[in-house]
Structure formats: structure tokens, C-alpha cells
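Undergrad: Once you've looked at the hints, dock chain B against the given chain A.
Quick note, the sequences are listed as chains A and B, same order. In this text, residue positions in the first sequence follow my numbering: the first is 1, and each later residue adds one. In this text, residue positions in the second sequence follow my numbering: the first is 1, and each later residue adds one.
Hints may be right or wrong, so weigh each one.
Treat identical chains as interchangeable: a pair holds within one or across any two.
Stated by the list, open to error - Restricting the straight-line Cα-Cα distance to at most 30 Å, the calculated cross-link-like pairs of lysine-lysine (DSS-like) are:
{"hint": "1", "residue 1": "336", "residue 2": "178"}
{"hint": "2", "residue 1": "186", "residue 2": "336"}
{"hint": "3", "residue 1": "86", "residue 2": "210"}
{"hint": "4", "residue 1": "625", "residue 2": "145"}
{"hint": "5", "residue 1": "193", "residue 2": "210"}
{"hint": "6", "residue 1": "336", "residue 2": "86"}
Hints listed in this document are in silico derivations from the structure and should not be mistaken for laboratory results.
Protein chains: 2
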Amino acid sequence: MTDHPLVLFMPSGRRGRFPVGTNVLEAARSLGVYVESVCGGRGICGRCQVEVQEGQFAKHGITSAKDHLSPFGPKEERYAALRDLKDGRRLSCSATIAGDLVIDVPQDVAVNAQVVRKESDGRVIARDPAVHMCYVEVEEPDMHKPLGDLDRLKAALSADWGYEALDVDFHLLPGLQKTLRAGEWKVTAAIHKDSEGERARLIALYPGLKNEAYGIACDIGSTTIAMHLSSLLSGRTLASAGTSNPQIRFGEDLMSRVSYVMMNPDGREAMTLAVREALNGLIDRVCAEGGISRADILDAVFVGNPIMHHLFLGIDPTELGGAPFALAVSGAVTLKASEIGLPLNAGSRVYVLPCIAGHVGADAAAATLTEGPHRQDEMMLLVDIGTNAEIVLGNAARTVAASSPTGPAFEGAEISSGQRAAPGAIERVRIDPATLEPRFRVIGIEPWSDEPGFAEAAAGVGITGICGSAIIEVVAELFLAGVLSEDGVIDGTLAARSPRILSNGRTFSYLLHEGAQRITVTQNDIRAIQLAKAALYAGVKLLMDKQGVDHVDRIGLAGAFGTFIDPKYAMVLGLIPDCDLDRVKAVGNAAGTGARMCLLNRGYRREIEDTVRRIEKIETALEPKFQDHFVAAMALPNKVDAFPHLAHVVTLPERRTSSDTGETGGRRRRRSRD
Amino acid sequence: MTDHPLVLFMPSGRRGRFPVGTNVLEAARSLGVYVESVCGGRGICGRCQVEVQEGQFAKHGITSAKDHLSPFGPKEERYAALRDLKDGRRLSCSATIAGDLVIDVPQDVAVNAQVVRKESDGRVIARDPAVHMCYVEVEEPDMHKPLGDLDRLKAALSADWGYEALDVDFHLLPGLQKTLRAGEWKVTAAIHKDSEGERARLIALYPGLKNEAYGIACDIGSTTIAMHLSSLLSGRTLASAGTSNPQIRFGEDLMSRVSYVMMNPDGREAMTLAVREALNGLIDRVCAEGGISRADILDAVFVGNPIMHHLFLGIDPTELGGAPFALAVSGAVTLKASEIGLPLNAGSRVYVLPCIAGHVGADAAAATLTEGPHRQDEMMLLVDIGTNAEIVLGNAARTVAASSPTGPAFEGAEISSGQRAAPGAIERVRIDPATLEPRFRVIGIEPWSDEPGFAEAAAGVGITGICGSAIIEVVAELFLAGVLSEDGVIDGTLAARSPRILSNGRTFSYLLHEGAQRITVTQNDIRAIQLAKAALYAGVKLLMDKQGVDHVDRIGLAGAFGTFIDPKYAMVLGLIPDCDLDRVKAVGNAAGTGARMCLLNRGYRREIEDTVRRIEKIETALEPKFQDHFVAAMALPNKVDAFPHLAHVVTLPERRTSSDTGETGGRRRRRSRD
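Just chain A, same shape as in the assembly (with noise of 0.2 Å):
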């Protein structure tokens, strides 16, 4: 031990030499290391908790031990004697150092009975807010200097907290004498400071100590919104709840949306309170859940498509429907929530991420923010598919970013049998290659359709259509089944030895089944799904070309069709380019994290927006390589590219286009080579 000994925090990493004595929670302030405090050092918040890791840590020549604390201080056992403070927890603002030291920082300090719901995902953010909870307490009113409340509170926080510029909420204002009075002069202020160039602002202010804060996380989509209210102060998610998006009352997909508002002189003002009202609604149900009020919320984070974007903060969309598609602002906006008429905390913020170009949205930006394929040195491609296709590819060195038309074939419209994923949707397929029979999985039911008990469920949920992900199987299982050709013909003379195939005339249908409803598959549904599969794909070659590679490292499928796809039936299909199957992952909601990233630490809303202004965007409808893509792309799995990581895992059937068999399906039929 030295007078000066080494202390290490975890899991930043960083370190630095302290006199005995020295306080950890400035010690770890000194540094940069964040430590939440609400009460500024007093011991009655209990939010700087740490521990300490003992034993020898070689790497950083360091012995930690419990006893290089200070023994448990006077503040310490007054806090432990009202509160549960769980072995081996110190709080930082009272212990100091005595020895070398490796502290965690844990990223879960819960001093609140909170309701903690299993996150979607595991992912721990480092917590940096953008509002913080400051405990004052307020010189009294004194003749002999008459300064008033807000000034003496202005002064307090500027001695406690070191804000010295800060401005107020005029709102808070005409409240701001009873809650010191009410306080005692003991207040909590809210401050709120997104960026280091901004001024600090006080926002909101209780009476006494208050140990919360909370903050909302959405992704606006054109079919779905999700919402999730977590704890700035902790970092947990409390509660979670999602709703279909009202709009589509006026219009399935996005650009009848935007027809919509065309057409109709109120149109954005409907759809714009629309959204509105079911974000109020989500609003009500995670408080609910949470057990918090709408007061104790005081930051927001948005994120949606450039549409929903601009239908959400009350903008006309109409400049997106057509060239040159101009987005009324593309970089991040930040508003109070009463601005746009959430009812949050009177001061609670809004803040939504950027869109990337006109058909490039917020949610894609707060993909790549999630998934970070400007963080590493791998070629990533995330894809999020909807009407429109947001497609990121990109490393460390530089990133693209486009959209591709693939039309809403994808989620079941255009279709014959197509239909959203609800309960009677066929969701999984199977083709028998030598019988070509099918066997199935339906949404609400367990069994697949050759298992016992199948007939029995099926006769109460109904069999009613397929949804996206079985449209993507039914028609690679067919390709792998020999039934398409490469260019995506049903061979009409497998009539012959399957009563599956039906003639239509000039094209066939493959029947996938029989029942109340009849459910095929025709020549025009092949047709949808190639011409959006080709968008797809051509829109993702064409950023490879940007990027000057052949293939990509790491392939996100983002969105609930990217969680549902199989992705070796996407790459059979030639969705996405080859890739080793084994990092071709479905990310989930990789929008909505990157909302929650954004609410817990404003240093992601920097790093975003930074992004974002480097990606290079490309307008696929200038590019004339575009039509080239996707003419080649119209083949199965496609007719330029090889696909070897595929290979491994299917049999891709040998190269033959309906010209060996004739239009209307020839005989031979080749199993492809082993």
C-alpha cells in the first residue's frame, strides 16, 4: 500500500491513484466514471451503491480487498438500518479509500420495490441520462437578501451540483413556492442536459427526496407500435406493451398512407392524432404496469420509418411519396412532450433519433445504432423489411445505407392466401421432394399438420391463410422440391404425378391445402414474391458494389419478419446474400433497443446522430445498376451469384429455367448434384 493507492472500476476499466481517504464516488467521478447519485453525496439515495472484487489481479498488479475500504461510515449504517442494502454493497459517497481497489459498478441498483419485467433482450446499457435528479436543500428566505426562491434554489445547485448556467421551465414557475414550502427547502430538481454544448434546464422539481426518474423508449411501425418504460435512475425496464398502429384504418401500408393524406385535407391531422392517441394508450398501460404515474416520466424516445416520422411530430408526408422525396428534417428533433400532446410530466422531454434519407428512417438508425456495424471491422448487412426495405452495410471504415420498393408481398398482401400472422396463418411449410406433399405449422396450434391432434385443434382455430414467413417457405421448399424452375415456373408436368398441382390454363397453383378454405399457391404469387425478393437483393448488391466486396460477415434480419424468417430458406430463396449461416441472425426490435440505448445514455443520441451524418446514402432509383441487380435477381436463389455457405446446410437444386422444361413445365426433372 501507498499513500496513493490504485483503484480500478469496473466494468469501464478505468483507473487512477487516490490519496488515503479520498471518497469513491468522487474518486470514480475524477475519472469519468458514472455514478448515479440523487442526493449528492448525503447517504439517503443509495444509488451510488459499488462493491468490491477481491483477491489478486495480476493484470492490473493490483490485491483488492474489502477491508481497503473504509470501514462502514455512520451514513453507511443509517442508510442499511432504513433500507435493504444487500451484502457486500458500499455506498460509494461514503466509503473511502484506504487500499488498492477493484470496484464494480453495478448497473442495477434497485432501491425501490420496482416490478422488473424479463427484458427482450439481455443487453446491459451503460447509464448516462439525459435528466438528472438533484437533491437540494434551499437557503430560507431572508430579508437581509432578498433573492428570490428560484435564485436560492439556482444558487444550491449551482454549489451542490456545479450548474451554473441553468435555465427553468417557465411552467414550473407559478408551483415553485409550494413545493420549496412544502419541501421544507428540501427539493429534487430534475435537470436535463442532452449535450455538452447545451445549457442545463431545470425541468421539473418535487418536494423532499424523490428516488425516481423514468423515461419511455417506442418504436413508431406502420403495423405495430412497442413502447417500454424503464428506470433512468436504475436502468431497468419495468414494463413493456405494444399495440397495432391505429393509421392503418386509412391505409394498409405506407404509401396508401401517404395517399391518404393526399386525398384528404385532414388527413394528417387524423393519422397524426391517431398515433397520438395509441401512444397515450401505451402510455397509460406501462405506468400501469410500472405502478409509476405519467408525472414520473420525464424523458422520451421515438423512432419509426420516415412516414411514421413525420405523421407522429405532425409534419405532411406527401414530399415522401414522390421524388425527390425530401424528409422535412432528417436530423434529430427535440421537443417537450407537451408540444406534441403526450401528457408526460409537464417538462418531460422528447427526443427522436435521426432518419438516414427519405426512406431510410429513424428506426433503421437506431438498428444500426443497436446492432453497431459502425462500431466493428466485419462487414455487416442489417435489413429491415417492410413496404420498403432498409438496408445498412457497413464496417468501422464506412458505411451505406439505402431502401428498396420491395412492396408489401413480404407481409401477406398481393398474396392469393396471403394474410397477417394471427391465429389460422400458416407459419412453418414443408415439401416432401419426392411426394411433394406438404406438412404445415399453424399459428395457435401446437402440432405440425402430420402429427396427432393436428385435425382436432385445426377444426377449432380454422385454417385461414400464410403469413409471411410460410410464403417465403412454400416457395423455397417448392424450388428445392424441383417444382420451380430457376426462373421461378411451377413445372405444370408434375400435374401428372401430384394431384398438388393444379392447372390454371397457361399456369399452374400448387394446392397446400384442402379444408374450409382453400389455401394454394399460384404463378402470381411466385411472381410477387420474386420481383420483391429481386428489390431486395438489388438494393443489398448495390451497396456491396458501394462498399467494393463480394460477400458480407454478419447478416441482421431486424423486425418481426426478420425474428419469424428462417434465414436459410431467405438465402435459398436469395433474399440476402451468402453468408455463413451461423451469423445470419434475427436482432428483434433492434429499432426499440436503440431507443432505450438512447433514453439511458445520451452519449448513444451523439454517437448516432454522428452516424448518420457519415453514412453514405444511396438512391437506388439513380443508380441504372439497380435494374441490372434486380433483372438478375428475379432467378432463384439468383442467376449471377453463388451462394456456397448454403450448400451446407440444402441441397440447391441444378440450374434449369422453365426454357429446359417449356413454359408451361417440361418433363425431366434434376435432382442437383451431390
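TA: Then chain B, alone, in the frame of chain A:
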């Protein structure tokens, strides 16, 4: 002539050497000389006009000539052809330096046919408003660079005007697309930036060149509200209007309004609404008179005493009704006009000057700014008389302030025949010392009461009471005529000599007028005036003690009362300390002028904020000597102080108390020595 001629800008006196060919606007800006420009040097707004002063300026070593500027350029030719460019005026964005120059930056550049009203004071206020108008040409949307409309606007504001980190009022977003397209990508942005330390903010946006912007300055008095409309670009006052404060229906004086709030649950709200409605009415009037729309008003400055200040802002003033007289806020307050229901431009800002203490408000701060005791070496006394007198005493070295509880006597309340200054009120009084006969003047009647035509006019108007100025005069005249003793007792023995002296049993009164209404001055009236003036004088004396002075160099009497009272009579009564009467001045609505200064030049906001922080506040209630001063000051003009300057204008009666004549008046009547 050298390669780097010397250029002197007037009236600022700033000077520098510049290469031949330097643009005059750039030269001015590089020296920090404020020259307005909306179009950013495109020669279309005409705001940057300057004049060359010709001649030899030996003191500065400059020989200035008009041809030391470049000849009329194409921008000036075009501007002069389209608009009125006065002879000798040049556009500083076009003219370049060719030799030594003395350049005058006029403060009255009017480019539109403005209705210009005669200013109440001729004061020219150097301009540097918080809101700037910035014309820019924005890049059109481009699919290759999918920056949003707002982002391209920001880029233009950064490139042309240097606003790099620009915040944006959210309310502008929904209308942004239309404005940009309506202006064919040429727009004028209104940028608000109050202080250097704060980020600039886009608050309004207009299609094309918007070559005007307006602001209002307003003094909210307990009795009357006065508003001025000024051009932020030319500095000219276009319109002024005043109205009585409708809060009067809740209580005549300040304390009765505080009581109303304390007694009525909705009292605060009702009074806030009342004053804001009155302000809205005034806004309508100044807009109509100035020929502009409310949406053209982008900035507003308000002052008022602490209770008016609180009620205007929607803050409960109850705390101001009792010790420790705690202000909710003492510092300057900034907010959006929309936050307090003032429908100006949706982005319009409001600035409220700081209050000095619980009874010394933003009006006193504004008057201090106008009269500037803190800017001069002489010791200046500034007094604003209302229910409380707000008193500021100081010079550049030190300034102190206090309020004194004068009560409403000076306003005519508590006076038996007292009334507001309105037609029918006696406003001037003279009493003949020999005959004790009065002559007086009545508001609304031109002749004095002893002049031809008075009786006829009085029959029409009616004589109904005495207003504040006449109360001072009649008491002073009674004292000078020997009717009152030094301690303010009416000499009853004079009843024998004059029928004007009436007996009321133990006390006497003076009959000023016998008509439809009998107007008398009672012993109680005189006591009320004595109490009021003693309170005022004791406050002044206390501040003189603090400053360690026994006289003051200048006195400014602010407000309506200050405008109408005769300084001589104020000194005879001992309202104000001895001073050269030529240096006692009514300073009119100094508070309103201070508000206008802050509207037109944000530098004055910092000046008054700094000054208020440095002013030492004296709470009279806590000062033991206040009571002594008060008792001494009950005498006429004062028991302990000498008034040498008064001897030059009036003949004071010999010192004589009522004990010399007996409580009910003695027989002897002495005149002063000549």
C-alpha cells in the same frame, strides 16, 4: 492615403485600419460596430445604410471624403432604383473602402413607409436586439444528399450567418416545407439569441425577404399599463397605448390585491387573466396603430412592481404580503409569449426584467437602467411613488435600494376629498398668505379658479375632489401660509381671520372649495400626508445613511406622480431631501423606457441583471434607525434636516410647533424671516 486607410465609425467611435477594397459592412462587424442587415449583403434589404461625414477630423487624424468610398455599385444602383435611398446614404454591404473615412451609422434607417409616432422621450437607443432577421437561399432537395429541409436551412444559416449550433422551435416544423416552397427556397429566418452564452434559436420563418420585425415593451403598473410597439430593425417606436389596470376591480392598491388572492381560491387566476386580457387589448391597439399584425411581433419586454410581476407571470403573490417578503423569482425571466397566453407570433419571446427586492420591482430596475445612477459619479436619488415608494440611491461606486410603506395617501386614497387624477379633480393649489384665500386649477378646465371663464367651465365639468399632486400642494401651501405648524396642526386661531378655517370640535379643517361638493382639507388628511411623506423620507434618509452622504446631487421622480408634482412643493413638505431644484426632474415613465432599452438592445439586459445583483437591498423593517427617521420626518419639512436649496425659491415659515399655539391652535401667527 495608405494601403490600409483608417476608418472611424460614429457614434460608437470605434476605429481600425483596413485594406483598400474592404467592404464597409465587414469592416464595421470586425470592429463590433452594430450595423443591421437582413439580406446578408445581397443589397436587397437596405438596412445597412451608412453616411460619410466629410471634412478634416484633426483629432482623429482623418480627412474623410465621400469619394473615399468606392463609386455606386450595381447593388446600390438597383436598390436606389427600386426604393428610396436618401441622398448621401450608401449601402455598407456594397460600398468598399478606398481611403480614410468617418462613417456615420444612422439609428433611424427606415426602409418601409412606417407610421412613426413622436417619442415620449427623444432617447435614441443603440440597437442590438435579441432577435435577428436573416435572409438565406436554401439548397433544393437532392436525392444524392438526402438532408432534410430543415437541415439544409440550418446549413445555409451556418454558411451565411455563422450560426453553427442552432436550436429550432418545434412549432416551426409542421409548416417548414410550405414556407420553403412558397419562398422558392428563399426565406428569412428570425433567430433569437439573448446572451452570448446561449445557443441561437430559430423562432420564426418567412418565405422570401421579410424586411421587418417588431417588439413590444410594456410597463405593468398597479394603476395603468403602458405599451410601446417598436421596430427591431430601425428602432423606431410605431405606436404607444395605455389603459387602466383592470385588476383595480379586485382592489385599488397592491395590498388589497394580495388580500384578494388570500381570500379567494381563484383570486390569483382571475387577476392574472385580467391583466393578460388588458395586455391583449393593448396589443390589438398598437398593432392597429402601427399597421402590423400580431404575428410580426417577435419579442416582448415587461416590467412591473413585484406584485404585478408575479400576477402577470401567474405566480401567487401571497408571500409578498408579509415578512420575509419572499419573491418567487428575483432574476430575469425568459419565456415564450405563448406560455402566458399572449398571442403574438408563435415563436415570440418574452423577457421580464429582474426584481430588486420583495418591494422593489422590475419597474424600479428598469427605471434604474434608464436613469443610470450606476453609470455616473454623482449621487443620484431615484424615487417611484406608489402605495410603496421604491427608492434607489447610488452612483457608479455603489447603489442601494429600499422600499418605504407610504400607503395610498399620495394617490388620493385615505384623503377625505381625495380622488384619482381625472376631469373634475383639483390639480394645482395656491393660497394667499395674507387672506388665506385659495386659487386652484381643475383637470379639464383651462383657467385657474380666479380667472375669467372658470365658473362657466366648472359648471360643465363639476369639481369633485383633489388629486395627488394637489394634495401635496395644498398641504405645502397651508404650511407656507402659516396655517400649519411645523408638526402639521391647523392653527384654529386663524378661524377668526378667515372663514376658510372651519372648526370640527377639537380639530380644524381648511375649506378649499364650496360647491355642489364641499372640498376641505381636514386635520386627518394632513396627518395622512405626514405619515406618507415621513415614510418616504425615512427610507431615503436610511439609504443616505448607508451611503454616508448628507445630500444628493440629482433626484429623479418616476411615474405619473413624479410627473405631476411640483418638486418645490415636494421639498417644502419634506418628501425629498435637499437638492438643487434644477436637478430634481420628473423622469416620466422611466420604467417603460428601460423596458424599451432592453427590447432594442440585449446588452441592456445583461447590464441591468448585473446591476441588480450588485445593488444592496435594505429592508426598512429591519433597520432600527428607520423608526427614528420616520418620527423626525413627521415634521414639516423635517425636524432635523436643513433645506438650504429651498430658501432660494420659497420662504419657509419660522419653526413653530403646535405647542407654541396650543393643541387647537394659538392666536399668534408668525411669518418667516425674509
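Undergrad: Run every hint past the structure and note whether it holds.
TA: Hint check:
| no. | hint | verdict |
| --- | --- | --- |
| 1 | 336 - 178 | both (24 Å within a copy, 23 Å between copies) |
| 2 | 186 - 336 | both (26 Å within a copy, 29 Å between copies) |
| 3 | 86 - 210 | within (21 Å within a copy, 65 Å between copies) |
| 4 | 625 - 145 | between (75 Å within a copy, 19 Å between copies) |
| 5 | 193 - 210 | within (18 Å within a copy, 34 Å between copies) |
| 6 | 336 - 86 | neither (38 Å within a copy, 48 Å between copies) |
Violated hint for the displayed structure: number 6, the only one.
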